[in-house]
Amino acid sequence: MSATVLLIDDDHRIRNSLGRLLRVLSYHVIEAADWNAAAELISTHRPDVVVTDLHMPERSGKDIARLVRSHPQFNHIPIIALTATLPGDEETIGLFHAVLEKPCTAEDLKRVLGEALKSRPH
Amino acid sequence: MSGKATWTSDHAASVVRAPAAAATLALCGLLYYLTASLELALRPSDNGTASLSPQQGMLVALLMTTRYRRWWLIVLPVLPAHLAAYWRLGAPPWLLTLEAIHTIALTVGIVTALRLFSERPNPFGRLREFMFFLLIILSGAALLNIVSPDVTLAAGTGLDRAMLTWRVQSVASALGILTWGSSIALGLLLGADWLRPRALAQYAEALLIATALFVTFYLTFAGVPEQHAPRVLLFIPLLWLSIRLGPGATALAVAVVCTLAAASGRMTHETVGDVQIFLIVLAITVLVVAVFGEERRRETQAASARATLARRQRDERLSLMLRASHNVPPEWHIAHDPDGTGFDRHEERFARLAMAGRITASIAHEINQPLSAIHHNAEAGLLLLSGEPLDRAELEEIFNDILGDNRRAGELAGRLGELLQDHELKLDPLDINAVVDDIVDLLRAESRRRHIHFDVRYAPLPVLLGDYVRLQTVLLNLILNGMDAMEGLPESRRRLDIRTSRLDTNRIQVQVIDRGRGIDPRNLPKIFDSYFIGQRHGPGIGLALARSIVEAHGGRIWARNNADGVGVTLAFEIDCVGTSMMPAPGPTHRYGARLN
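Chains as they are written, first to last, in this note's numbering: chain G, 1 to 122; chain E, 123 to 718.
Quick caveat, the hints were computed from the structure, so don't treat them as lab data. Computed from a predicted structure; not experimentally measured. Note that beta-carbon positions come from the ideal geometry of N, C-alpha and C, so glycine has one too. Possibly wrong hints are sitting among the right ones.
Cβ pair distances, simulated, as ranges [what the hints assert, rightly or not]:
1) E:577 with G:40: 25 to 31 Å
2) G:94 with E:533: 37 to 43 Å
3) E:625 with G:94: 38 to 44 Å
4) E:504 with G:40: 53 to 59 Å
5) E:543 with G:2: 35 to 41 Å
6) G:72 with E:543: 54 to 60 Å
7) E:535 with G:72: 43 to 49 Å
8) E:651 with G:94: 36 to 42 Å
9) G:94 with E:686: 43 to 49 Å
Far from chain G, by Cβ distances over 12 Å, these chain E residues were calculated [what the hints assert, rightly or not]:
10) 197
11) 201
12) 234
13) 406
14) 433
Please model the entire structure based on the sequences and the hints provided.
Written as structure tokens, this is what we have:
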């Protein structure tokens, strides 16, 4: 059974294209445009990994990572950040399993997701 | 007040013609005679020693403001004028001659010392130089009066008498130079500046001070001697005057007060020393305060002038850089205004580049989104191509998405390019709603970055004859200004309303309403002036450029604080060319952060 990836990005173009790429890479993809939709999907679908944009208007990728990390049921879910501008501070980087630069190659995406899924507690 | 002049002068300027020399000699002689007669009149009736020496002050002032080569014109008439003034005392001519020589030696000695140790002829502009001036006067008066003829004669009758004469004469000299000398020197140094018209409030204040001075002087020195008020009362109006009106008026007031005090008959043999000491302390205190105030005023003015110069130099540098980087012919200069916008091409371009520079990072981010989508779709397409069976429908969708994303990136790049492009004022039929829509789209990423919510509402509007790019510039300015005003506010309050509306048959209005700090009502009329920088950001010409563009379209721009006391509305109105309606792009566009 393929792993479920929750993809969070407020831009429908990114959700559409990256979701397609993830599906071609054989992941099961669920999509959210903001934290409200993401929170709903996390509790109903229990994704194996979260891929989120860093810069979003209401709740940023950092806010989402903190919210997930603080939840006792979901704090084990690995979170991967996607951003056009890589953050320079360790605090932001430390919140994520990995930070990928947008656009990312299929190869990088596959590798990072593979590592993230392996790191999950069984 | 002249502070830049130096003691040195060229030879040619110091040559004096014979008639002018004769007139100067006569004038100096007359001045000496008058001031010496005044000194004589001010002597205590029961004491033969001067209590205040205005003639010495006058001589010091003339010598301070005259070149070395012309000193003879001042010094030469002293002897005859001295003899004429003091002849009535019945003293032997040799004694009067010695007194005149001593007066010359004392005044020349003091001014020479001043010139040797000070670089400037005007010691009233800086506290350090004024303190040096004081030191020279006090020490010069004390030292040179040791050998005055009166002291030497008094020494023959006893040391105590000689000491008293020396003390009274020294203080009289110092007081004369400090009061009469300072006021005459300042009058000569300031020249016509003394007489320049002042504000009515200044005349009123001077009158008030003069009244206070008269009242306190009357209470202190005139009236019934037994009911005299404490002399310190005089400090009040004089300190007020020294702080408000500067060293010139202070020196004059002090000279008048000291002269009237000496003439009041309160200086008897017993009290002369006491009154003299009070007067010299009073004069020194108020003059020091006045000079200190003057120094601070000058420093403030100099700092302001430096800031203005630095700003002008910075603008010139920017203009040069702009010219160099865009290879604009040097014939374009500030007066060149081919578009009738009130701004030359450089200034307008500078303002547009400055604005675009502020949002370029956001636009780059916005362009990166469709480019990333193209990349992801291409990667997915390549992977699909290597698989079996070929999913043609998915591949077709991918190619369509790539085309759509490419179009979006192209549109954004095109809008940025339009904003930066340089062209003559070009009036085309346009829909102002489309202008607003494009700018709001361009600012979408910037509004997200700043967590500002845009609420855009369009009314159906008639066609307008205008310059599309320049009207974009106006809107961009107004919107960026509103966004700047909301920096630092809680996210829930960062809302920018943009409204288009029709005022009457052929006039349209665009309003940009922020919820920020507001603008000081005193500054509201100035915010569209060039280089006015209020509480908001920007180079200070953005809103001025917006005004000139709107006015070039025959419209008007205005600003007012919102009626509910929160934020500002910036708006412009322009006439339309007809009544044919353009459809509104949509009922409402909402971009940016969602309100909590």
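Against the structure, the hints come out as follows:
1. In this structure the supplied range 25 to 31 Å holds for residue 577 of chain E paired with residue 40 of chain G, their Cβ-Cβ distance being about 27 Å.
2. Take residue 94 of chain G and residue 533 of chain E: their Cβ atoms lie about 38 Å apart, and the range 37 to 43 Å holds.
3. A beta carbon spacing of about 56 Å between residue 625 of chain E and residue 94 of chain G contradicts the range 38 to 44 Å that was offered as a hint.
4. Checking the proposed 53 to 59 Å range against residue 504 of chain E and residue 40 of chain G shows it is violated: the Cβ atoms sit about 34 Å from each other.
5. Under the hint 35 to 41 Å, the C-beta atoms of residue 543 of chain E and residue 2 of chain G, about 50 Å apart, miss the expected range.
6. A hinted range of 54 to 60 Å for the beta carbons of residue 72 of chain G and residue 543 of chain E is consistent with their spacing of about 57 Å.
7. At about 47 Å, the CB distance of residue 535 of chain E to residue 72 of chain G agrees with the hint of 43 to 49 Å.
8. Distance hint check for residue 651 of chain E and residue 94 of chain G: the Cβ-Cβ separation is about 50 Å, which falls outside the suggested range of 36 to 42 Å.
9. The hinted window of 43 to 49 Å between residue 94 of chain G and residue 686 of chain E holds, with their beta carbons roughly 44 Å apart.
10. No Cβ of chain G approaches the Cβ of residue 197 of chain E within 12 Å, the least distance being about 79 Å, so the stated non-interface status holds.
11. For residue 201 of chain E, the requirement that its beta carbon stay farther than 12 Å from each beta carbon of chain G is met, with the minimum near 87 Å.
12. No Cβ of chain G approaches the Cβ of residue 234 of chain E within 12 Å, the least distance being about 69 Å, so the stated non-interface status holds.
13. At roughly 62 Å from the closest C-beta of chain G, the C-beta of residue 406 of chain E stays outside 12 Å, upholding its exclusion from the interface.
14. Residue-level check passed: residue 433 of chain E sits 34 Å from the nearest beta carbon of chain G, beyond 12 Å.
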